[in-house]
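Peer 1: Given next are the chains, with one letter for each unit.
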Amino acid sequence: MSSETAKPYTMVVGLEVHVQLQTESKMFSWTGTEFGLPPNTLCDPVNLGLPGTLPVMNGKAFELALKTAIACGCTISKYTKWDRKNYFYPDLPKNYQISQYDLPFSLGGSLPIPADNEGNGGKTVRLTRIHLEEDTGKMVHTSGQESEVDLNRAGTPLLEIVSEPDIRSSVDARLCLEELRLTLRYLGVSDCEMQEGSLRCDANVNLHIDTPAGKIATPIVEIKNLNSFRSVERALNYEAERQYAKWKEDGLTIKDAPKETRGWSDPDGVTKLQREKETAADYRYFPEPDLLPVVVDDAWVARLKAEIGELPRERRERFEKAFGLSEYDANVLVEQGKDVADYFDAVVARTDQYKTASNWIQQDVLRTANAKGIRVADFPVAPETLADLISRVGRGELNTQQGREVLGKLIEADGTGDLEAIIEAGGYKMVSDEGPIREAIEAALAANPKAMEDLKTGKKKPDAIKGFLRGQVMKATGGKANPNLVGQLLDAMLSELGG
Amino acid sequence: MQLTEMKAAELVAGIAARKFSAVEVAQAFLNRTEKLKHLNVYVHLEPEVVLDQAKAVDKRIAAGENPGPLAGLPVAIKDLLCVKGEPTTCGSRMLKNFRPPYDATVIEKLKSAGAVLYGKANMDEFAMGSSTENSCYGPTLNPWDTKRIPGGSSGGSAAAVAAMTAPVSLGSDTGGSIRQPAALCGVVGLKPTYGRVSRYGLIAFASSLDQIGPFTWDVPDMALIMEAISGGDSRDATCVPDPVPNYLAEIEKKPEKLRIGIVREFFGEGLDPEVEKSVRDAIALYEKLGAEIKEVSLPHSKYGIAAYYIVAPAECSSNLARYDGTLFGHRSADYSPANDDEKKLPALVRMMMASRAEGFGAEVKRRIMLGTYALSAGYADQYYNKALKVRRLIRNDFETAFKEVDVLIGPTTPTPAFALGEKSADPLAMYLSDIYTITTNLAGLPGLSMPCGLSSGGLPIGLQLVGPALSEAKLLQVARMFERETPWHTKRPNLTV
Amino acid sequence: MTKDEVAKVALLARLRLNDDDKGRYAQQLTSILDFIAQLGELDTEGVEPLAHGVDRTNVFREDKARPALDREDALANAPRRSAEGFLVPAVLD
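Protein chains in written order, with my numbering: chain A, 124 to 622; chain B, 136 to 632; chain C, 64 to 156.
These are calculated hints, taken from the structure and not from any lab test. The C-beta atom is built at its ideal place from N, Cα and C for all residues, glycine as well. Hints may be right or wrong, so weigh each one.
What the hints assert, rightly or not - Listed next, with one range per pair, are the computed distances between beta-carbon atoms:
(1) 82/C / 230/A: 14 to 24 Å
(2) 567/B / 285/A: 23 to 33 Å
(3) 200/B / 230/A: 54 to 64 Å
(4) 538/B / 423/A: 51 to 61 Å
(5) 131/A / 479/B: 34 to 44 Å
(6) 479/B / 87/C: 47 to 57 Å
(7) 210/A / 197/B: 51 to 61 Å
(8) 161/A / 183/B: 32 to 42 Å
(9) 224/A / 479/B: 23 to 33 Å
(10) 111/C / 432/B: 42 to 52 Å
(11) 398/A / 514/B: 50 to 60 Å
(12) 200/B / 158/A: 37 to 47 Å
(13) 476/B / 210/A: 49 to 59 Å
(14) 396/A / 476/B: 47 to 57 Å
Stated by the list, open to error - Straight-line C-alpha distance at most 27 Å; calculated BS3-like pairs for lysine-lysine:
(15) 71/C / 392/B
(16) 208/A / 479/B
(17) 261/A / 127/C
(18) 478/B / 85/C
(19) 183/A / 204/A
(20) 389/B / 412/B
(21) 142/B / 190/B
(22) 66/C / 558/B
(23) 626/B / 127/C
(24) 412/B / 261/A
(25) 395/A / 479/B
(26) 71/C / 208/A
(27) 582/A / 603/A
(28) 395/A / 478/B
(29) 347/A / 246/A
(30) 558/B / 85/C
(31) 190/B / 382/A
(32) 412/B / 208/A
(33) 190/A / 66/C
(34) 428/A / 127/C
(35) 524/B / 201/A
(36) 183/A / 127/C
(37) 382/A / 478/B
(38) 154/B / 524/B
(39) 127/C / 479/B
(40) 552/A / 532/A
Just chain A, with the same shape it has in the complex:
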């Protein structure tokens, strides 16, 4: 179980996530959305907020937003509009952000937190709303008295996803965020690279502390600058400790102190109070007169639903039900990305050895892909070939060890190897004849008299001794012996010898 549960408080967390949509062009104008270009080289009159310019909504951005909401089970608004959020800041060229206020395109919905194998997750987090808005530019502090404004990012389509405070641990917060990233990547909505800022997360956190006088809630803190999944977890842990210590010191509760904003400093491992704005926020929202409202009908939603296909949570369920995988295995295959689960699907479409397929993909395939730095979609062994190999192992033509060696050779051949030829050339044929195996067992016993003695005196456990002897036999047969047969014969011969 996660460490927080031992503490005298419960952590209460809600997330506010910003996700850049994967569009070719900006939300309201025609320049691109690439990351990492030199400052101010992705600007047009509209995203610079130049006098006289007007926004026109990117249809793809709106559809990606809708898809996200549909996938999260949100209620899609039949009528939605855009509003101006007015505040002065140099990274916001118009000094208003086009956003959504009282009629966002979706409300409600939820995100599952999948279970890990340490007892975390396995819950559902409710969403408050998802809305669409434009991203701001960036401020870079240069030297001394001045800051530099880079507006490349200004006007990139941005989804704001706000959760209810349903999360109760830092691990769950991370898992929830990971599930969101996975879902958005499945949908092709965003590449969700936290390092590049296409997925950004703020967390609202406070503590519910059990005291003899009843439950007490600490003041809410909004943590900003969370730029990695690890920092989400670390910052929440830090902040919980800090809030608890502070409460013990000053006893302030949610009723006594306003919400404050703290920035996470990753190198220092602490949250720091951010300077309060000089004026109280009064965003003076009003309907954006330059953009017309949008009416979303059922047919539109149905069309997008059809385009979405299977979501990660649905896929996990199918892997468990259709292929008998454990919740853990199903999750590993799904959470590694769509191409991994696709690969698994392609393999199990051609073999009934589901468990072996799952194991080999989780181990050999993923390990190799990671080592080579390639995506599983580009894995050198076609899923058809792997399915063939796994089937042969299942039929007893090769043993597992041989199968893995063959897979290794296929990988080495980088997609050009022929399965049949590799098996032929390597002599990968499992020996299931009793004669040679008996001979090998006898030889092993003769060479290791101490093993027999240990077995009789009970000095070592029988399983350990059998395992050792089985290894000797496999070695002597060049790994080709049928391991099941080795086991059976070994058992029989040892009991004959009175073991």
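Assemble the complex: chain A is given as a structure, and chains B and C must be docked to it using the hints.
Peer 2: Same frame as chain A, but now just chains B and C:
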């Protein structure tokens, strides 16, 4: 006849037929403009730039190319339409050094029609005003009486045509800013249906009300320009893609059955008797011409000014927020704290506050304050949201009226041109000069003002026609009926050059 | 509208006002707001607000990228700039 006395249609035809060259036309207007400098019509005018465009047109004609429907026609431009690389200042100190890196859609359209972009015309700062006195360049004078205002905010554009320093011009109308100066300067001015002409490149005052439109001497010229500038635009989401009628062909047709509505509320208190008489005469003429005249009511129109002075300032407070000295426009040279309160503010905030204080004039600041207040927490329901509901009621009034009549008729303004300085000290009195035009903007409808008489003091009087959405062809037709029977559109101010 | 309210709104609107300005705006805005108060006479219960100039919906553009402005053009109107960006008084977070 001198070139500067010709109508746009005659100039275009003459240039195309090579009776005279585009350069000769441009030079004639430049000469006249030079002699009428005291009117303060233009805030930027570079003769070489004008002549270069005219030369290019002449070259195309000489080469036998199709030079476009407005080839060689000088068009004066209100100084809030963006012209690539040219000063576009909105009559504001804030934008004195601003040169947009792009052309407004109407500018692109004019260029591709072969028009010659003439000078940038003076205006009330950011189009806020009814007299062109709120310009950082000083007021434009009314060509009919230089002690009087030309109207506003497109006073420069109206005076440009009235003084014959340009054959046509473009302005913009948010609460009457085309029709009111057209009336006071004795020319034809049209505010098209909201969305008929693209606003891309029109520096915004109040986005849901602004609309670009032309000033001309008569209705056929109006039809000519409207055809060139109307139509959908992928860069303006509020611009409607409906096909543009052939206005020129439509105007000579006579409406078969014409029902004209007299708006009862436009003939009440505050209407100058001479203005009323001219308008009544015009109505009588229409009746003589076979129109059915009915009295109709727009019961909520008396709330128009109040609703407008919430909606427009609210939008303006947001539209003008971008002028803060960071990315473009004026930046204050000294933003050190002016008092103890400012010492608490970061330098960035002080820079913005000082830049805006220096860059904007009094009326702009007044409206920004009003709009900011009307949208602020605790007041938005009482003011902004209430005004939007009243706006709906005002539009409903028009919809009801147009079930009974085809066009509405009335005065454009309560009085002829007032004296310079007469209303500058009293913002509310100034606002009331738009009383008959403002509801049209709130409802998004087309409105046209045309000359219908002269006061005993020799000042022009304007007649306003208002139609349903996208009824410009009908409005022009009805206006043309009157024009054919009357001399008012041929009257010119007496200017010694 | 009091002078204090004027000062608050002026800060929200980023307008530097001196004491005279505040007094004048307090008086002028009060008289304008008094005039606007007539809207209160109207019963607008159940009336749908009208925020747009045109009664249409669902206007979208195609998701196609076109070339950006040259950086020199993008920065051309900047009151203060470096080689690659707009410069403003320092912002420290």
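Peer 1: Are the hints correct? Go through all of them and say.
Peer 2: Now the hints, each set against the structure:
1. 82/C / 230/A: 14 to 24 Å: At 48 Å between Cβs, range violated.
2. 567/B / 285/A: 23 to 33 Å: violated, 47 Å
3. 200/B / 230/A: 54 to 64 Å: holds, 58 Å
4. 538/B / 423/A: 51 to 61 Å: Since the Cβ atoms of residue 538/B and residue 423/A sit about 34 Å apart, the hinted range of 51 to 61 Å is violated.
5. 131/A / 479/B: 34 to 44 Å: holds, 41 Å
6. 479/B / 87/C: 47 to 57 Å: violated, 24 Å
7. 210/A / 197/B: 51 to 61 Å: Since the Cβ atoms of residue 210/A and residue 197/B sit about 56 Å apart, the hinted range of 51 to 61 Å holds.
8. 161/A / 183/B: 32 to 42 Å: holds, 36 Å
9. 224/A / 479/B: 23 to 33 Å: holds, 30 Å
10. 111/C / 432/B: 42 to 52 Å: violated, 22 Å
11. 398/A / 514/B: 50 to 60 Å: At roughly 28 Å between Cβ atoms, residue 514/B and residue 398/A fall outside 50 to 60 Å, so the hint is violated.
12. 200/B / 158/A: 37 to 47 Å: For residue 200/B and residue 158/A the Cβ distance comes to about 46 Å; the hint holds.
13. 476/B / 210/A: 49 to 59 Å: The hint (49 to 59 Å, Cβ to Cβ) is violated, given that residue 476/B and residue 210/A are roughly 20 Å apart.
14. 396/A / 476/B: 47 to 57 Å: Violated - the Cβ-Cβ distance for residue 396/A and residue 476/B, about 24 Å, lies outside 47 to 57 Å.
15. 71/C / 392/B: At roughly 58 Å apart (the allowed maximum being 27 Å), residue 392/B and residue 71/C break the hint.
16. 208/A / 479/B: holds, 25 Å
17. 261/A / 127/C: holds, 24 Å
18. 478/B / 85/C: Distance of about 18 Å is within 27 Å: holds.
19. 183/A / 204/A: holds, 16 Å
20. 389/B / 412/B: Between residue 389/B and residue 412/B the Cα gap is close to 25 Å, so the pair holds against 27 Å.
21. 142/B / 190/B: holds, 21 Å
22. 66/C / 558/B: Given that 27 Å is the threshold and the Cα spacing comes to 25 Å, the pair holds.
23. 626/B / 127/C: violated, 52 Å
24. 412/B / 261/A: Judged against 27 Å, a Cα distance of about 62 Å means the pair is violated.
25. 395/A / 479/B: holds, 22 Å
26. 71/C / 208/A: With Cα atoms ~18 Å apart, residue 71/C and residue 208/A stay inside 27 Å; holds.
27. 582/A / 603/A: violated, 31 Å
28. 395/A / 478/B: holds, 25 Å
29. 347/A / 246/A: Between residue 347/A and residue 246/A the Cα gap is close to 25 Å, so the pair holds against 27 Å.
30. 558/B / 85/C: The given pair, whose Cα atoms are some 21 Å apart, holds under the 27 Å limit.
31. 190/B / 382/A: Between residue 190/B and residue 382/A the Cα gap is close to 67 Å, so the pair fails against 27 Å, i.e. violated.
32. 412/B / 208/A: violated, 49 Å
33. 190/A / 66/C: violated, 50 Å
34. 428/A / 127/C: holds, 24 Å
35. 524/B / 201/A: This hinted pair holds, its Cα atoms lying about 22 Å apart.
36. 183/A / 127/C: This hinted pair holds, its Cα atoms lying about 10 Å apart.
37. 382/A / 478/B: Answer holds: residue 382/A to residue 478/B is near 26 Å, not above 27 Å.
38. 154/B / 524/B: Between residue 154/B and residue 524/B the Cα gap is close to 56 Å, so the pair fails against 27 Å, i.e. violated.
39. 127/C / 479/B: violated, 46 Å
40. 552/A / 532/A: holds, 15 Å
Hint violations for this structure: numbers 1, 2, 4, 6, 10, 11, 13, 14, 15, 23, 24, 27, 31, 32, 33, 38 and 39, all remaining hints satisfied.
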